Amino acid sequence: MGVEPFVTPPGVNLERFAVTPRRGGGRVLFLGGRTPGKGYEVAARLADTLVGPGLREVRPEEVPALVAEHDVVLMPSSAEGFGLVALEAIASGRWVVASDVGGLRDIVIEGVNGTLVSDGDYAGALERMPDYDPAAVADTATQHGLERWQTAMAKIWGDLLAQRG
Numbered sequence: 000m001g002v003e004p005f006v007t008p009p010g011v012n013l014e015r016f017a018v019t020p021r022r023g024g025g026r027v028l029f030l031g032g033r034t035p036g037k038g039y040e041v042a043a044r045l046a047d048t049l050v051g052p053g054l055r056e057v058r059p060e061e062v063p064a065l066v067a068e069h070d071v072v073l074m075p076s077s078a079e080g081f082g083l084v085a086l087e088a089i090a091s092g093r094w095v096v097a098s099d100v101g102g103l104r105d106i107v108i109e110g111v112n113g114t115l116v117s118d119g120d121y122a123g124a125l126e127r128m129p130d131y132d133p134a135a136v137a138d139t140a141t142q143h144g145l146e147r148w149q150t151a152m153a154k155i156w157g158d159l160l161a162q163r164g
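Mapping to numbering that gives the first Met the number 0: the sequence shown position 45 is 44, numbers consecutive.
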């Protein structure tokens with residue numbers, strides 16, 4: 000067709016996620032399904048050593064408040080196309096400890112807004128979590144905002160339509 004392939008990750012309405020001060024105490028949140036590859040089994044194993052309400056179902060409208068109640072979001076996925084949960088956590092100013100796979104590599108910036116784990120030592124990564132500034136973490140999410148995505152999509156479609164003539 001003569002068109003170069005491209006990938007455009009989804010945009011996120013960053014206004015849904017307010018940056019709040021850290022709660023303290025190292026509260027860890029796993030926000031993912033029980034489907035294969037999401038790391039539920041890793042989170043369940045770690046749950047025995049973590050303090051908190053345990054594992055439960057979460058409605059989408061609960062996500063911003065739930066993320067704000069925690070200090071770090073755990074994403075031990077074995078595969079991840081984009082990593083929407085990671086982006087939402089970062090937009091909230093929360094550190095992300097994630098697998099070094101797929102789309103998580105595009106969102107989690109090692110030592111800036113999170114930690115990428117390649118050796119499976121999530122407990123160790125959580126223990127080594129630095130004292131971070133939530134506002135600085137949230138600043139790294141702006142490149143994935145909804146407005147920027149809409150502008151990029153408008154340009155892509157405009158270019159495609161112009162090529163069609």
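Rather than coming from a laboratory, the hints here were simulated on the basis of the structure. These numbers were taken from a predicted model, which means no experiment stands behind them. There could be a bad hint or two in this list.
Here are the simulated distance ranges between beta carbons [as the list claims (entries may be wrong)]:
hint: 1; residue 1: Asp-105; residue 2: Ala-134; range: 17 to 27 Å
hint: 2; residue 1: Ala-17; residue 2: Met-128; range: 14 to 24 Å
hint: 3; residue 1: Gly-23; residue 2: Thr-141; range: 24 to 34 Å
Idealized CB from N, CA, C, for every residue including glycine.
Structure-based check of each hint:
| no. | hint | verdict |
| --- | --- | --- |
| 1 | Asp-105 x Ala-134: 17 to 27 Å | holds (22 Å) |
| 2 | Ala-17 x Met-128: 14 to 24 Å | holds (21 Å) |
| 3 | Gly-23 x Thr-141: 24 to 34 Å | holds (26 Å) |
When each numbered hint is compared with the structure, no violation occurs for any of them.
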